[in-house]
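> Chain residues, written in single-letter form:
There are 2 protein chains.
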Amino acid sequence: MYRIPILQMGQTLLVTIQVDMQDQMALALQDDLANKISRSGAKGVLIDISALEIVDSFVGRMLASISGISRILDATTVVVGMQPAVAITLVELGLSLEGVRTALNVERGMELLAHDRREKPLAP
Amino acid sequence: MYRIPILQMGQTLLVTIQVDMQDQMALALQDDLANKISRSGAKGVLIDISALEIVDSFVGRMLASISGISRILDATTVVVGMQPAVAITLVELGLSLEGVRTALNVERGMELLAHDRREKPLAP
Chain V
1 MYRIPILQMG
11 QTLLVTIQVD
21 MQDQMALALQ
31 DDLANKISRS
41 GAKGVLIDIS
51 ALEIVDSFVG
61 RMLASISGIS
71 RILDATTVVV
81 GMQPAVAITL
91 VELGLSLEGV
101 RTALNVERGM
111 ELLAHDRREK
121 PLAP
Chain H
1 MYRIPILQMG
11 QTLLVTIQVD
21 MQDQMALALQ
31 DDLANKISRS
41 GAKGVLIDIS
51 ALEIVDSFVG
61 RMLASISGIS
71 RILDATTVVV
81 GMQPAVAITL
91 VELGLSLEGV
101 RTALNVERGM
111 ELLAHDRREK
121 PLAP
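Residue numbers (UniProt numbering), protein chains in the order written: chain V, 1 to 124; chain H, 1 to 124.
Derived from the structure by calculation, the hints contain no laboratory data. Using N, Cα and C, we set each Cβ at its ideal position, and we do this for glycine too. Hints are not guaranteed to be accurate.
Sample of chain H residues with no beta-carbon within 10 Å of chain V, all distances over it, derived [what the hints assert, rightly or not]:
no., residue
1, Leu-7
2, Gln-22
3, Gln-30
4, Ser-38
5, Asp-48
6, Ile-54
7, Asp-56
8, Arg-61
9, Val-86
10, Val-91
11, Val-100
12, Thr-102
13, Val-106
14, Ala-114
15, His-115
Only part of the chain V face toward chain H is listed, based on derived beta-carbon distances under 7 Å [as the list claims (entries may be wrong)]:
no., residue
16, Pro-5
17, Leu-7
18, Gln-11
19, Thr-16
20, Met-21
21, Asp-48
22, Ser-50
23, Ala-51
24, Val-106
Here are a few chain H residues that sit away from chain V, every Cβ distance over 10 Å (derived from the structure) [stated by the list, open to error]:
no., residue
25, Arg-3
26, Ala-51
27, Ser-57
28, Phe-58
29, Ala-64
30, Ile-69
31, Thr-76
32, Ala-85
33, Ser-96
34, Gly-99
35, Arg-118
Bound-form chain V, shown alone (with noise of 0.2 Å):
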């Protein structure tokens, strides 16, 4: 089965969504990504949706998902490079994305990222 490549640069991981997504992809690279955190102890996610031209409910729920399972594997996703009128359908279909946060582009993403580990004090 088609896989989505997981690329690592330091504590992130960068995933490029370029095709439509089906069940079987988005389980498998919930599962993916569920693992390559866990071995690499990456601290953050990074998502660009630049290629995609709809997000639906099911890719809206996918983002979600993979944004709760990286939360409890103590890693932050961010959803980068969303294209301006698929932000403005979501709105008028009433996805919010809750739970999701989003950047312009995987630059501010990585500086998103980057703010968010200098902030998060060290366990006491």
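Knowing the structure of chain V, use the given hints to seat chain H on it.
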């Protein structure tokens, strides 16, 4: 038409190739990359092919041609993430990816680009 997204991170552009390339797509990618290098002034191009299970002479030529275009625009191209089986097949087929630099993964590719930038003396 489906276009492969190009992500910018500082002075580096990152392209993840996830699907089998066709003529039109390869031409569009070359075009987009050339434009993006010239607009952004990027110094490096990382092409991740970890998702590809087959690299034939068409893809090989595309990688060589992207390297050539980037070089003229004063950017270095590094192909990263090649699967071991792909490397074996390439050599067996007699395709040596002439003029294409490679690195094991994105992180090593980034290091190579950073190292290159430090080495290059400023124009006299």
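> State the violated hints by number, sorted upward, taking the hints as numbered earlier in the document.
Hints 1, 5, 13, 18, 20, 25, 26 are the ones this structure does not satisfy, whereas the remaining hints hold.
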